[in-house]
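Please arrange chains W and L on chain D, whose structure you already have, making use of the hints.
Residue numbers (the numbering used here), protein chains in the order written: chain D, 17 to 336; chain W, 3 to 250; chain L, 20 to 433.
Relax, there's no trap hidden among the hints.
Listed next, the stretches of chain D that the computed footprint assigns to chain L, with coverage defined by at least 3 CB atoms under 8 Å from CB atoms of chain L:
no., stretch
1, 35-47
2, 149-160
3, 280-290
4, 307-314
Label-pair ranges, simulated between beta-carbon atoms:
no., chain 1, residue 1, chain 2, residue 2, range
5, D, F78, L, A388, 20 to 30 Å
6, W, R80, L, P355, 35 to 45 Å
7, D, I171, L, R162, 47 to 57 Å
8, D, L185, L, L91, 46 to 56 Å
9, L, A388, D, Q74, 32 to 42 Å
10, D, G300, L, T385, 20 to 30 Å
Partner residues aside, some chain W positions facing chain L, computed with beta carbon under 7 Å:
no., residue
11, L60
12, R87
13, M91
14, F93
15, A111
Honestly, the hints are just simulated from the structure, not real lab data. The structure displayed is predicted, hence computed values, not measured ones. We put the beta carbon where it would ideally sit given N, CA and C, even for glycine.
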Amino acid sequence: MTSRSAAPPWWRNRRYLPWLVQGVVALAVGVVVAFLLSNLLLNLTARGLLLSWSWLGQPAGFDLAESILPFDASLPYWRALLAGLVNTLRVVIAGLVGATVLGTLIGTASFSSNGLLRGLARVYVEVIRNIPLLLQLIFWYFVVFLALPNGTDAIQLPGLVLAKSGLFLGDPQLVNGVWQAPLRFSVEFGALLTGLVVYTAAFNAEVVRGGIASVPKGQWEAASSLGFAPLVTLRRIVLPQALRVIVPGLNSQYISLAKNSSLAVACGFTDLYSVSETTLNQTGRAVEVMLILLGSYLVIDLVISALMNGLNGLVQLKER
Amino acid sequence: MTTPAAVMIEARGVEKWYPNGFHALRGVDLTVHQGEVVVIMGPSGSGKSTFLRTFNALEDFQQGSIEVDGIPLSDDLRQIDAVRREVGMVFQQFNLFPHLSVLDNLTLAPVLVRKLPKQAVQRRALELLDRVGIAEQAHKYPGQLSGGQQQRVAIARSLCMEPRVMLFDEPTSALDPEMVQEVLEVMQGLAQDGMTMVVVTHEVRFARQVAHRVVLMDGGMVVEIAPPEQFFSNPQHERSKQFLRQIG
Amino acid sequence: MAPAPPATLRPGPWQWLRRELFGSRLDGLISIALLGFLLAAALGLAKWAIFQAQWTVISANSTLFAVGRYPLEQQWRLWLLTTLLALATGLSWGLLRALPRSGSSGPPPILWPRNDRWAAAILVLLALWRPLALQLTLAIQLRWWAITALLLLARWAAGRWGQALPPLVRRLIPLIWPLLYLVGMVLISGGLGLVQVAPSDWGGLLLTLLMATFAILLCFPLGVLLALGRRSTLPLLRWGSLLYIEFIRGAPLITLLFLGQNILGFLLPGGLAPDRVWRAAWVLTFFAAAYVAEAVRSGLAAVPAGQLEAARSLGLSMPFALIHVVLPQAMRVALPATVGQFITLLQDTTLLSLIGLLDLLGTARTVMANPAFLGRNAEVYLVLAVLFWCCCAALGLGSRALETRLNPNLAPSR
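Next comes chain D alone, as it looks inside the complex (with noise of 0.2 Å):
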C-alpha cells in the first residue's frame, strides 16, 4: 500500500489550476487593458481633449439636408444628434415593417402551388444575399432614385408624385417648377428604405420558410381534409404554428436591419452614424462621439430584443 503522497505542486494541481489559467488570462487581458488606456489618456491630455460633454452645448454650425425635429446651424451639437437618432429610428422602424411584409410575401411564394412563382422567390433570395448591401444601396440611390425626371415628368399617381425630388403624399402641386404637398420624403430615404427593405426581406423571406416548413405535415393534410383552402389553411392553422420558429429568427435579422441603417452615409441620408461623423470632424472628440454611437446602437439593439422577446412570449404555445 502506498500512502497518499504529498499535496502536488501547484501547477498541476486540480484544484488550483483553473485559477491560475484564469489569473495568467485576466492578468494579460489587465495589462493590455491599462496600456491602452493609459496612451488613450496620454495622448487626449496632449492634445486637451481629456473626456468632457461640454461641446455638445456648443452650437453645431452645420445643417442637415432633413430632419423632422426643427433644426439649424445655431442649435448645439446634441440637438444634431438627437435629429440624426430620430432620422435612424425613422429609417429602422420603416424598414421592420416593409420588410416583414415583404419577406413575408417572398417566404409564402417559395410554397406556392406555380413553379415559376417558387423559383423567382429562390432566385430572388439567392441574388439580394450575395450582393453586397452597400452596393445595392449605392445602385438603389445612383441608379434608380437619382435618375427620376423632375417636375411635369415626374411619376403621378393620384395622390402621390415620385419625382428626384421626393416622394409627395397627399394632393402634391407643381408650383414653379417644384412639387409641393404635405407629405414629403427624400429620395435619400426612400433610397436607403429601399435598399433596407429589400434586402432584409431576403433573410426574412429565409426565416419564414425555415418557419413554414417546421410545421409538421400532418398539419397540412388535416386542414386540407377539413375542407380549407390552402390560402386559408397557410394564415389560420400554418402561419401561427410557424411563428414560434419566425419571431426568434427574426429577432436577429431585425437587429442587422438597425445594424445595417448606419450604411445611410452611402446615400447621404442624415442619420446618427453621418451626424456623429460630422460632429467627430468639426470638434474632434472622438471617445465621446464613439461612446454615444456604440451607446445608442445598443439601446436600439436592446429594446428590439426586448419587444421581440415579448412577442415571443405571446405566440409560444401554452403547453401545460
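What follows is chains W and L alone, placed relative to chain D:
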C-alpha cells in the same frame, strides 16, 4: 481465494456532493482485487454510476480516498492522467468518435497518449477487432454499425490502451434486446482472460455467471457486498430483498 | 425499391409545365402575369445593355479595378503571384480528385469526372471571353491564356501522377498554401530585395481579396478560441468571451471601422499604430471573429458531452481531446454557418470604401467622380454586383460540396 491477490482499486469513505448540494456518495468503501469481476447494482439514482466514474476521475469527490493500481487519485493532474491510462471505460451510449473510422477510433489514444508507432498499434487494433468479432468492419464508420457492434468496438477501443482495469457503465442499457447477448459474451470472455472489471449493470444473469462479488448500492451508500450465489439466493439486508423483488 | 411508374404516368415536359404553371385558374393568371413581367424586364435590360450602356467605362479602367494604383512597373509581381496561385490551385484540385478518401473503399477515382469537365470548360470559356470583353491588349490576353493553360495542366498532371507520390510529399502539399500566402504578402508589399509598395497604393479587387483573405484566415482561429472560452467552465473566460462577443455584435461594423481609424491612434503610443489599411484589416478580423465564435459555439453545443468524457477516459489531455475529438465534430456542424460568415465578411469589405480606402467599391466611386465617366453608374455597379455575386455564390457552393465530402452519409453515434 487462497493467496490474496494484489489490490487494484481501493476506495475508502468516498463522499461526494454535487454543486447543487445533492449528497451523491455517502462514505462508500470498496476494494477490488486483481482479476476480480465486481458487479454494482442498485436502483437509478443510487449513485452507482457516479461511484464508478470516480475511479477514473470523470467525477471528483470531496472526502475519502481512492487508489487505482497503487496510484492515489488526488488533485495532482499527472496522477489523474496516469490513472486514466491504466483504466478503460465503456459507456452506456458507446461514445465512439463518429468522425473517425472504427480502426482510427482504436488507434487514436495509443498513438497520441502512449506515443506508440502507428503500424504496431494498427496491427494490435485489428487483432482486438478480430477478438470482438468485427474485424471486417475496421474501415467503416461508427454510424454504419449496429448498436451491439458499436459497443463491441467501444470495448476494443478501451482494450487497445492495454488497461489494467475495465469499467463498464451500464454497457447494455442502450441496446436493443437482441444485441445484449453479443456484448455480454465479449465481456465474459474478458473476465475469463483475467481482466479486472467493475460493471454497473442490471443484467442479473451476467452477475450470476461472471461476477465474483455483487455490490448493492442505494442512496449513495453500499448496502451489501456478497458473492453472487449468496446475494441472489439469500440476501442479508431488507433493502437487497426489496431490490431483487423489484427487478425479478 | 418502388417500381417505376408506367411511362404514361411519368410527366413529360409539357405536362410538367402545365402542372407547375397552370394547375388552377389562379395559377395560370399568376404565371401569365409573371411571364409578362419577366419578358418585359429581360427586353428592357437587353435593350439597355446593347444600345444605351457604354461599357468602355469598364474596359478603360480595368487595371484600376483590378489592382488600383499599384505601380505599373511592379505589376509583374502580381502576375507572378497569379501564376503561382493558378499552379497551386491546379495541383490541389488534381490531388483532391486523384487521392482516394482515407478509409473509403469506393471505386478508383476517375481522372476527369463530369463536374470537373464542366468546371474546366467554364474556366476555359472565361479565359477566352473575359479578355475579349474587357478589350485587353494581346499581350495581356496571352498571359491570361497561359495562366489558364498552366492551371489545367497542373490539374491534369496532379490527377495523373498524384497517387504515385510518396506519402510524405502528399502530406506536405497542403503546406504550399500558407507558404504561398506568405510569398504573396512579400510579392505584394515588397521587402526581401523587392521595392516597397505602400498599402495606400493597393486597390481594387486586389485590396478587396487581400482584406477578405487576411480577415478570414485570422478571424477563424480567434473565433474558435472565443467559442471555446464562451463554453468554458472557468467563469472568467466565459464572461470575458461573452462580453467581447456581445459588444462586437451589438455595434454596426461601420462604427467599429470608424473607431479603428479615429481612436486606434490614441490607444497606441505614437508611431506604433498601423497604417490605415491594416487598421481596417484588423477591425474586420476582430469583428468577424465574434460572429464566427457564435457559429462555432453552436457546433460545439451539438457535440455530446460523452465525446469529451470518452476522450478524457482514454487518457487524452484536454488539448488533444479538443483538437482530435471535439473540434472536428463541432466544425462539421458549424461549417455552413462559418462559411456564411466568411461570405458576409467578403461583402463587408465594401464598407472600406466608406472610410476612404480604395477597395473594389471605393475604386468604383473614384471612377464615377471622373467627369469622363459621368452617369455611368449603372454599368459599373452592375458589373461589381455580378462579380460579388459570383464570388459569394461560389463560396456557398464550395461550402456545400465540402459538407457532403466531410459527411459520407453517416448518422453520428451517440
